[in-house]
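K.L.:
Next come the chains, spelled out residue by residue.
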Amino acid sequence: MIFYPLGKYILLLKAAFRRPEKWNIYRKEIFKEMVSIGVGSVWIISIISVFLGMVTTVQTAYQLVSDFIPKSIIGMIVRDSSILELSPTISAIVLAGKVGSSVASQIGTMRVTEQIDALEIMGINSPGYLILPKMIAAIITIPLLVIISIGLSIWGGYIAGTLSGAVTQNEFILGATDGFRGFTITVSMVKAVIFAFIITSVSAYQGFYTSGGALEVGISSTRAVVVSCIMILFADYVVAQLLL
Amino acid sequence: MIEIKNIHKTFGENYVLKGISSEFKEGMNNLIIGGSGSGKTTLLKCMVGLHEPDEGSVIYDGRDFTRMNFEERIEIRKEIGMLFQSSALFDSMTVEENVMFPLNMFTNQKRKEKLDRVNFCLERVNLTGKNKLFPAELSGGMKKRVGIARAISMQPRYLFVDEPNSGLDPKTSIVIDELINEITEEYKITTVVVTHDMNSVMGIGDNIIFLYNGKKEWEGSNKDIARSESKELNDFVFASRFMQAAKEKL
Numbered sequence: 150m151i152f153y154p155l156g157k158y159i160l161l162l163k164a165a166f167r168r169p170e171k172w173n174i175y176r177k178e179i180f181k182e183m184v185s186i187g188v189g190s191v192w193i194i195s196i197i198s199v200f201l202g203m204v205t206t207v208q209t210a211y212q213l214v215s216d217f218i219p220k221s222i223i224g225m226i227v228r229d230s231s232i233l234e235l236s237p238t239i240s241a242i243v244l245a246g247k248v249g250s251s252v253a254s255q256i257g258t259m260r261v262t263e264q265i266d267a268l269e270i271m272g273i274n275s276p277g278y279l280i281l282p283k284m285i286a287a288i289i290t291i292p293l294l295v296i297i298s299i300g301l302s303i304w305g306g307y308i309a310g311t312l313s314g315a316v317t318q319n320e321f322i323l324g325a326t327d328g329f330r331g332f333t334i335t336v337s338m339v340k341a342v343i344f345a346f347i348i349t350s351v352s353a354y355q356g357f358y359t360s361g362g363a364l365e366v367g368i369s370s371t372r373a374v375v376v377s378c379i380m381i382l383f384a385d386y387v388v389a390q391l392l393l
Numbered sequence: 016m017i018e019i020k021n022i023h024k025t026f027g028e029n030y031v032l033k034g035i036s037s038e039f040k041e042g043m044n045n046l047i048i049g050g051s052g053s054g055k056t057t058l059l060k061c062m063v064g065l066h067e068p069d070e071g072s073v074i075y076d077g078r079d080f081t082r083m084n085f086e087e088r089i090e091i092r093k094e095i096g097m098l099f100q101s102s103a104l105f106d107s108m109t110v111e112e113n114v115m116f117p118l119n120m121f122t123n124q125k126r127k128e129k130l131d132r133v134n135f136c137l138e139r140v141n142l143t144g145k146n147k148l149f150p151a152e153l154s155g156g157m158k159k160r161v162g163i164a165r166a167i168s169m170q171p172r173y174l175f176v177d178e179p180n181s182g183l184d185p186k187t188s189i190v191i192d193e194l195i196n197e198i199t200e201e202y203k204i205t206t207v208v209v210t211h212d213m214n215s216v217m218g219i220g221d222n223i224i225f226l227y228n229g230k231k232e233w234e235g236s237n238k239d240i241a242r243s244e245s246k247e248l249n250d251f252v253f254a255s256r257f258m259q260a261a262k263e264k265l
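Sequences listed follow chains A and B, in order.
The end of the first sequence is residue 393 by the working numbering, with every number in the run present.
The end of the second sequence is residue 265 by the working numbering, with every number in the run present.
For reference, chain A alone in the conformation it holds in the complex (with noise of 0.2 Å):
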């Protein structure tokens, strides 16, 4: 059962990873897809990022009830799951749902209104030409966010402890700054880049393999968002057990 629509999806990535006809026409695509995946996500993930931020160490902050335990502690763990789960993979989820659902409905309504097909009767790889430059788009941005993530989960952090008085200013910072390990933005940036291509793959073949009319767009488009999640989460899963 599984394994039709997983072959069907490599045989899809297999044509998307062919040469392409013309590298300047792929080149300003990947461009405009930078702007609309990268730019066009940075409002909503520094929304979601700062509140992130603010919302684990106010709940840090009230599990720790010990005295025996240093309140940098909270500085600590902020930064910690800010960069190895909650940018990486709460960002990643936030993508799928706006850039995935976009992938899957641009590339959907392209099928059902045989756009795709005129592509095709031109002699262009189709899968190439919609499907790569937005896969590179998206590895090339996805991680960029997370990088802008990370830094306002922990500023959002520091804001939250420090005003609500649960930790004050340089608590937070020695916490924040004591003990760090660059392997775990190597992790992250890793988890990054599997995930920016699960968004784009997956919404890309729901997408590419729409037939019918405007429901059934929806029904890709939803679908994409459903299984892109869940393999991000899966993939989470095997990184975090593969390198931590």
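Hints are all accurate, no fakes.
Cross-link-like lysine-lysine pairs, in silico, BS3-like; alpha carbons within 27 Å at most:
no. : chain 1 : residue 1 : chain 2 : residue 2
1   : A       : Lys177    : B       : Lys147
2   : A       : Lys181    : B       : Lys125
3   : B       : Lys129    : A       : Lys171
4   : B       : Lys93     : B       : Lys203
5   : A       : Lys163    : A       : Lys247
6   : A       : Lys181    : A       : Lys247
For each label pair, taking beta carbons as the anchor points, the in silico distance ranges come out as:
no. : chain 1 : residue 1 : chain 2 : residue 2 : range
7   : A       : Val191    : B       : Gly77     : 55 to 63 Å
8   : B       : Tyr202    : A       : Leu382    : 55 to 63 Å
9   : A       : Val207    : B       : Ala151    : 43 to 51 Å
10  : A       : Ile289    : B       : Lys127    : 27 to 35 Å
11  : B       : Thr25     : A       : Ala363    : 22 to 30 Å
12  : A       : Asn173    : B       : Met83     : 26 to 34 Å
13  : B       : Asp76     : A       : Ala164    : 25 to 33 Å
14  : A       : Ala363    : B       : Glu28     : 21 to 29 Å
15  : B       : Gly42     : A       : Gly362    : 31 to 39 Å
16  : B       : Arg126    : A       : Ile289    : 21 to 29 Å
17  : A       : Leu391    : B       : Phe85     : 33 to 41 Å
Covered by chain B, per the in silico footprint, the following chain A stretches (three or more residues, Cβ under 8 Å):
no. : stretch
18  : 168-177
19  : 265-274
Simulated from the structure, these hints should not be mistaken for laboratory data.
Here a beta-carbon is modelled for each residue, glycine too, at the ideal position from N, C-alpha and C.
Let chain A serve as the given structure and place chain B on it in line with the hints.
P.N.:
Then chain B, alone, in the frame of chain A:
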């Protein structure tokens, strides 16, 4: 010339094309007609490679398209122009960008040369000055004409047209038919039109094949239709009272 030999196509249990063979001649309007579900669009899609026939071959001037791989097909596809039923214009692009798209993809011309070609094609379909409009701003007839301009931008040897008159008023339909006819004669291209519009059949049908239940039931020109003894063809062509009256006058 395009030859099709013994084309068979099934979708699951549904046997759509049952061994169709024919020849589509250069400089002529070759029409594929038939009722809904008779297999005419499937045949067209098999000819251009959007569907793979289960059996049989499609031969473009001696080149067997069905036996070619993806890369080899690209060379033939560069010689193909197609107008889709829904026009299939790229929504995110202006009229100019739509018509210029194949030129951008497959030529190394300078922008000025490409723009000249786009303007020539738009002028040819009577859409001069509409370069900056988006498909959403065009009427159905204008979309079809932009589709034709895009199809001829690469100077194709073969033009495929799927239901050119669907959704158009009779007057606009005649304009589109005349345009297809003029382009075919002017550039001596092999044009294949799928239609069930009787005005098109009588107006531009130089060579017609009639499909019935996935088989070729009849072949001839528009002048031969009235003399045909095929019951299925007569039932199809002269279904309306208007056409019956026209036949009686003939």
